Every structure is written in structure tokens, then in C-alpha cells.
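Peer 1: Here is what each chain is made of, one letter per residue.
Number of protein chains: 2
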Amino acid sequence: MYFTANALARKIEKLAQQSLSAVDLSPSHAYLLMMVLQEPGVQPSVLADHLQLQPSTITRLIEKLEEKKLVVRTTEGKTTNVYPSPKGKEIQPKLKDCLHEFYTSYASILGKEESARLVQNMGKMADKLEA
Amino acid sequence: MYFTANALARKIEKLAQQSLSAVDLSPSHAYLLMMVLQEPGVQPSVLADHLQLQPSTITRLIEKLEEKKLVVRTTEGKTTNVYPSPKGKEIQPKLKDCLHEFYTSYASILGKEESARLVQNMGKMADKLEA
DNA sequence: ACTTTATAATTGTATATACAAATAAAATGC
DNA sequence: GCATTTTATTTGTATATACAATTATAAAGT
Numbered sequence: 151m152y153f154t155a156n157a158l159a160r161k162i163e164k165l166a167q168q169s170l171s172a173v174d175l176s177p178s179h180a181y182l183l184m185m186v187l188q189e190p191g192v193q194p195s196v197l198a199d200h201l202q203l204q205p206s207t208i209t210r211l212i213e214k215l216e217e218k219k220l221v222v223r224t225t226e227g228k229t230t231n232v233y234p235s236p237k238g239k240e241i242q243p244k245l246k247d248c249l250h251e252f253y254t255s256y257a258s259i260l261g262k263e264e265s266a267r268l269v270q271n272m273g274k275m276a277d278k279l280e281a
Numbered sequence: 151m152y153f154t155a156n157a158l159a160r161k162i163e164k165l166a167q168q169s170l171s172a173v174d175l176s177p178s179h180a181y182l183l184m185m186v187l188q189e190p191g192v193q194p195s196v197l198a199d200h201l202q203l204q205p206s207t208i209t210r211l212i213e214k215l216e217e218k219k220l221v222v223r224t225t226e227g228k229t230t231n232v233y234p235s236p237k238g239k240e241i242q243p244k245l246k247d248c249l250h251e252f253y254t255s256y257a258s259i260l261g262k263e264e265s266a267r268l269v270q271n272m273g274k275m276a277d278k279l280e281a
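Line by line, the protein sequences give chains A and B. With the working numbering applied, the first sequence corresponds to residues 151 to 281, in that order. With the working numbering applied, the second sequence corresponds to residues 151 to 281, in that order.
Keep in mind that the hints are not guaranteed to be accurate.
Identical copies go unnamed one by one, so any copy, or any two together, can satisfy a pair.
Simulated crosslink set (DMTMM-like; lysine to aspartate or glutamate; CA at most 20 Å straight-line) [as the list claims (entries may be wrong)]: (1) 161 <-> 280; (2) 244 <-> 280; (3) 246 <-> 226; (4) 278 <-> 199.
Hints were generated in silico from the structure; no laboratory data involved. Keep in mind it's a predicted model, so treat the numbers as computed, not measured.
Using the sequences and the hints given, assemble the complete structure.
Peer 2: Laid out in C-alpha cells, this is it:
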């Protein structure tokens, strides 16, 4: 179980990286940017929740995207909002294409239904391990 | 898919860590040591193969176990052999218990059959992603 | 209103893993 | 039998993520 779960995660990661090479973003960065584009002003805590990553990790990801001038951060009191920059908005279509390519590439390898089922099962398992 | 696979891997990792706290080893170290105990003199390349990790990662894991005096390495020509140390042999029963506890803990959460099926499916998927 | 507690985000540091380059030895081709 | 290629391992460096501690602010209790 331990190895299988990890090996799969690493292989999926690799596949995603390949699909995303056109936008020069790691999978996590790409999904984070996607969320910011879909929900401008979203807070880090919300991102952490959706992406299932620790807040500190989110901070680091945002920093990287800020360096690349793809997002901007504004802080007001204890809350921070993350917005897409013009450059970030610009690459949205390309990004969407890449993410879709990632989907089709694993779906073609595993089959649409089978991959959907696997995702569902893994999710169920992850949920149960929550507690 | 991307997040689910990663989230699951991280949660499994955590669960394994908890089970292994009694032997103070990370899951990877524990499984590597287990393999060395079962096959004394095993080569890094074989370990890399079985544990599905890069050779460089195996080297790093062995280094750590050597520091802890749990294994020893001998090099002859271009091949290296890894053997358990007396201390390594000593903790074998405890290690076995911990790994079994890890198994029972996820099996109890997910059900025996369901977890077996998931492992199988993830493995199949990982294999297909090989190429 | 002031103290206490809870929440949001960040920073410092650590771990796991990988890739690419370096070494070194063995195997192969001619 | 030497030159070339392949194989095994290690080293240097980079990335992703986490945990624990810190900071800063807001909320709640009295």
C-alpha cells in the first residue's frame, strides 16, 4: 500500500509535469493559479483547503507565482487576498489547454471510466483517513 | 486526479509514520531495512527496483541507516552489498510488528477487501503509466 | 473595555525524493 | 588486447511539502 500509493502519486506528478511544460509551471502551481483565476481574491486558507495542502505550502507556492508576476497579493488585517495579474490572465487559455491535455493523457492510458473510478476510490479512502 | 493521488499518498505516509514511531524510522527506511533483513547483501539497484525509488534516493536512505548503525555496506568493484548489522537484526521483530500494525490500521479503516482492491488498482495504473 | 482565546498567514527549518553529472568498474566490439 | 559502451553507485543540487514557532489581527468572555 505504502509504495503503491507513493509510486502512483509520483507517476501522476510526472505526467502532469509533462502536460504542463508549455506553461512552465509545476502541477501545484498550475492548479493554484487556476483557482486564483476562477476566484480572484481568494484567500490562502481557502486555497489550502481546496488543494489539500498546508497553509505554509500555499504561502510558498504563492511566493513563486508572485515572482513570476502571475499573481498579486494584498494584505488587509489578518486576511490576504490573491488576485491574478494581467500576465496571469493572459495565460489562462493556455493553462486550461494544458490541464485538459493532462486529463486526456491519463484518461487515454487508463480509460475514462476506470480512471474516474480510481479517483473516486482514492478520494473515499483519503476521506476515511482524515480522522 | 492529481490532488487525490497526492493527498492519499500523504495520508498513507502519515499513518505509516505513526505505526512506525516505536522503531523511530520513516516508512521508506523501515521498508528498506526490512528488505535488507530478508535478503542480506542485497544490492542498491535491486532495492531501487523493489521500492520503486531512484538509485540516488536509495543511497541516501542507506546512508541514514548506516548512521544509525542498522546496516553496513561493503563495496567490491562496481557493486555494493548491504547487510543488516547486529543492531539491525535485533529490531527485526519490533519492525515486523510495526509494519503489521500499519497494515491492520488501514485495513480496519477501509476494510480488508476494499483496501486490497485499491492497492491493486493503483498498481495497475502505475504500471500503465510506466511507458 | 480589557484580557484571553482563536484564526490567518508567514517564516525558519527539516525531510523525502529526484535529476543530472561524476566515478568507477565491467562488458562488448572489433 | 585496447577502445567504446554500458552498468552500478555516489554526489551535488533542486523541488515539493510539512511541522513548529512566530506574528498579527480579530473575536469572545467576563
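Peer 1: Next, verify each hint and record whether it holds.
Peer 2: So, going through the hints one by one against the coordinates:
| no. | hint | in the structure |
| --- | --- | --- |
| 1 | 161 <-> 280 | between (24 Å within a copy, 8 Å between copies) |
| 2 | 244 <-> 280 | neither (35 Å within a copy, 27 Å between copies) |
| 3 | 246 <-> 226 | neither (31 Å within a copy, 52 Å between copies) |
| 4 | 278 <-> 199 | within (16 Å within a copy, 31 Å between copies) |
Going down the numbered hints, you'll see the structure goes against 2 and 3, while the others check out.
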